[in-house]
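Each chain, written out:
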Amino acid sequence: QQQVKQSPQSLIVQKGGISIINCAYENTAFDYFPWYQQFPGKGPALLIAIRPDVSEKKEGRFTISFNKSAKQFSLHIMDSQPGDSATYFCAASMQDDKIIFGKGTRLHILP
Amino acid sequence: DSGVTQTPKHLITATGQRVTLRCSPRSGDLSVYWYQQSLDQGLQFLIQYYNGEERAKGNILERFSAQQFPDLHSELNLSSLELGDSALYFCASTPGGGETQYFGPGTRLLVL
Chain V
52 QQQVKQSPQS
62 LIVQKGGISI
72 INCAYENTAF
82 DYFPWYQQFP
92 GKGPALLIAI
102 RPDVSEKKEG
112 RFTISFNKSA
122 KQFSLHIMDS
132 QPGDSATYFC
142 AASMQDDKII
152 FGKGTRLHIL
162 P
Chain R
6 DSGVTQTPKH
16 LITATGQRVT
26 LRCSPRSGDL
36 SVYWYQQSLD
46 QGLQFLIQYY
56 NGEERAKGNI
66 LERFSAQQFP
76 DLHSELNLSS
86 LELGDSALYF
96 CASTPGGGET
106 QYFGPGTRLL
116 VL
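Protein chains in written order, with the working numbering: chain V, 52 to 162; chain R, 6 to 117.
Since the hints were derived computationally from the structure, they do not count as laboratory data. Note that the Cβ used here is the ideal one computed from N, Cα and C, for glycine as well. There's no promise every hint is true.
To be verified - Partial list, derived from the structure: chain R residues whose beta carbon lies under 10 Å from chain V:
| id | residue |
| --- | --- |
| 1 | 9 |
| 2 | 13 |
| 3 | 50 |
| 4 | 53 |
| 5 | 56 |
| 6 | 57 |
| 7 | 66 |
| 8 | 95 |
| 9 | 96 |
| 10 | 104 |
| 11 | 105 |
| 12 | 106 |
| 13 | 109 |
Said to hold, decoys possible - Label-pair ranges, simulated between beta-carbon atoms:
| id | chain 1 | residue 1 | chain 2 | residue 2 | range |
| --- | --- | --- | --- | --- | --- |
| 14 | R | 59 | V | 91 | 28 to 34 Å |
| 15 | R | 8 | V | 109 | 24 to 30 Å |
| 16 | R | 76 | V | 122 | 39 to 45 Å |
What the hints assert, rightly or not - Okay, derived cross-link-like pairs now, EDC-like style, lysine to aspartate or glutamate, Cα gap no bigger than 20 Å in a straight line:
| id | chain 1 | residue 1 | chain 2 | residue 2 |
| --- | --- | --- | --- | --- |
| 17 | V | 109 | V | 77 |
| 18 | V | 122 | V | 104 |
| 19 | V | 108 | V | 130 |
| 20 | V | 154 | V | 77 |
| 21 | V | 154 | V | 130 |
| 22 | V | 154 | R | 104 |
| 23 | V | 119 | V | 107 |
| 24 | V | 93 | R | 76 |
| 25 | V | 109 | R | 6 |
| 26 | R | 14 | R | 104 |
| 27 | V | 108 | R | 80 |
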């Protein structure tokens, strides 16, 4: 199966709170899991990515948690800020193959 | 700025018409991907080219076609346009395939 299932579809978080977006996949051949951030009117841009040989990767306020056995991964945004309001896409890919994107999560951070 | 350029930025046309969207990948990138993004829809993968050859095909309609030229720029041709084709069309490039994709700013197509 080539699908990547992403939830929730939309998310509202208070400023300073933690935003959590979850993704699940089925194909164990996937070996690269990026998250993209898209602001209105712009193209998606890579935010952070992980490979399945590590369980967690942190870059500033953004953390990916990866559970290989459950075939799930999630994005945590700590101390969420209004500037984080955007659409977030998880994705999965195999070497030399196309990337499969989740359907996206619209995140809104309340000031 | 991702280094990927797309033209035009906006396009308004009528049903039944044909349009061509253009994408120039980052310098040195061999792979170009095309995506369609409609309202409330995720990124729908259309097609991938690698060094001039079609490499992967997604949910691309028969009315749509693409090609990648020797200078590595790519064009997406949309014909017999329908109202439902109104969307944002993105291209992305990578050095090879499967790793980080660098997206262009998109072309917003409106079919009236």
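Status of each hint after checking the structure:
no.	hint	verdict
1	9	8 Å, holds
2	13	15 Å, violated
3	50	6 Å, holds
4	53	6 Å, holds
5	56	13 Å, violated
6	57	16 Å, violated
7	66	17 Å, violated
8	95	5 Å, holds
9	96	9 Å, holds
10	104	6 Å, holds
11	105	5 Å, holds
12	106	6 Å, holds
13	109	5 Å, holds
14	R:59 to V:91: 28 to 34 Å	32 Å, holds
15	R:8 to V:109: 24 to 30 Å	27 Å, holds
16	R:76 to V:122: 39 to 45 Å	41 Å, holds
17	V:109 to V:77	24 Å, violated
18	V:122 to V:104	13 Å, holds
19	V:108 to V:130	17 Å, holds
20	V:154 to V:77	15 Å, holds
21	V:154 to V:130	24 Å, violated
22	V:154 to R:104	19 Å, holds
23	V:119 to V:107	11 Å, holds
24	V:93 to R:76	25 Å, violated
25	V:109 to R:6	24 Å, violated
26	R:14 to R:104	26 Å, violated
27	V:108 to R:80	37 Å, violated
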